[in-house]
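Enquirer: Kindly generate the complete structure, drawing on both the sequences and the hints.
Quick note on my numbering: the sequence shown kicks off at 1 and runs consecutively.
A hint or two may mislead.
Stated by the list, open to error - If you anchor each label on the Cβ, the simulated ranges turn out as follows:
hint, residue 1, residue 2, range
1, 336, 124, 34 to 44 Å
2, 64, 223, 16 to 26 Å
3, 27, 310, 54 to 64 Å
4, 185, 118, 19 to 29 Å
5, 57, 338, 18 to 28 Å
6, 288, 264, 20 to 30 Å
7, 282, 184, 29 to 39 Å
8, 312, 264, 39 to 49 Å
9, 336, 282, 13 to 23 Å
10, 184, 276, 36 to 46 Å
11, 143, 223, 21 to 31 Å
12, 276, 124, 43 to 53 Å
13, 255, 78, 17 to 27 Å
Rather than coming from a laboratory, the hints here were simulated on the basis of the structure. Backbone N, C-alpha and C fix where the C-beta goes; we use that ideal spot for every residue, glycine too.
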Amino acid sequence: MRSMCRVSSESGFTFVELLVASAMVVAMAGAMIELARGAQASSTAVNEFADTQQKMRIAAEAIQHDLSMAGAGSVLASGGGPLAQFAPAVRPAAGLAGDSDVTYAADRATILYMPATRAEADVVSATPVAMSIGGTPSCTRSTTCGFQDGMRAIVFDRTAPGRGYDVFTVADASTRSLTREADEGGFSTAYTSTAHVAEVVAHSYYLDRSDASNVRLMRGDGRSAFALVDGVRNLRFTYYADPDPSTAPAIGAAAGTCVYAPGPPPRPLLAPLGGVSLSELSAAELTDGPFCGTAPNRFDADLLRVRRVRVALQIVSISSSVSRQPSPFELSFDVTPHNLNVAR
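Expert: Shown next, in the form of structure tokens:
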């Protein structure tokens, strides 16, 4: 009996028992690996979501800020009020290769406005590349009327919309004189004492598609550009106008402008769009005239009655693995610029 008990106690596990135990260990290890993979995938997804949300916020805030300022002008009586009464505050082009002055492109836009600045003056006289200035409070405080070399500026005729405007870079801000950068060419028209010049913000938004795997949203100022965000799938601007053609700026209408035939009473040249609510402008309506201004700064007169702009963005995380093709995040928002909705 003692011998039999000893043999039984020293026999250990059977082969079947070892197989079952091994299978259980492998199954538990596999489950743990899957849990770890799931946790890693969840962590990656959360990080990608946060990254894409941050890109969306950066892009939307930049565009929304500029659109909300679109058309802002001078607070001085000699400045003529909102810039939107004389030049297109938002236009569907960005000055890219192939863009003409009356180009329509849904995926890019240029926004103009005057910032809160002391750099503004009346034009005394002008040549194709330079102008004499003065006549504003800034000119009594500074020999350069607040302008600086390298500053972006706009000069426009205050007698009526479409009588001429130019955005340029100040090459030399000497005493009561501004010289334009030589590589920008000359001004589009011969400006006289009816013109005003001021610092300007001219931001263009467009897509850099040079790398198809990583399209970038660019922000330029006419001289240089930088990438705001990457991973952009789509950008679209939609323009909504007042259907009543008589709401276009009426400055100088009695003598005739690009939006009014001379009176009395002045007759609107723009076509009614029908209804009473804002109407979406098509590509054809934004490129068929009547045209305002002088080449290369002509623009379709319908831009003078734009009251709201819709922006649609699609952005995706470019850190996603090539085996997964995540759906892009989409955002759409409307901006109703104050200076495009002041009483005409």
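Enquirer: Evaluate each hint against the coordinates.
Expert: Status of the hints after comparison with the structure:
no.: 1; hint: 336 x 124: 34 to 44 Å; result: holds (37 Å)
no.: 2; hint: 64 x 223: 16 to 26 Å; result: holds (23 Å)
no.: 3; hint: 27 x 310: 54 to 64 Å; result: holds (55 Å)
no.: 4; hint: 185 x 118: 19 to 29 Å; result: holds (28 Å)
no.: 5; hint: 57 x 338: 18 to 28 Å; result: holds (23 Å)
no.: 6; hint: 288 x 264: 20 to 30 Å; result: holds (28 Å)
no.: 7; hint: 282 x 184: 29 to 39 Å; result: holds (32 Å)
no.: 8; hint: 312 x 264: 39 to 49 Å; result: holds (44 Å)
no.: 9; hint: 336 x 282: 13 to 23 Å; result: holds (20 Å)
no.: 10; hint: 184 x 276: 36 to 46 Å; result: holds (43 Å)
no.: 11; hint: 143 x 223: 21 to 31 Å; result: holds (25 Å)
no.: 12; hint: 276 x 124: 43 to 53 Å; result: holds (45 Å)
no.: 13; hint: 255 x 78: 17 to 27 Å; result: holds (20 Å)
In this structure, every one of the numbered hints holds.
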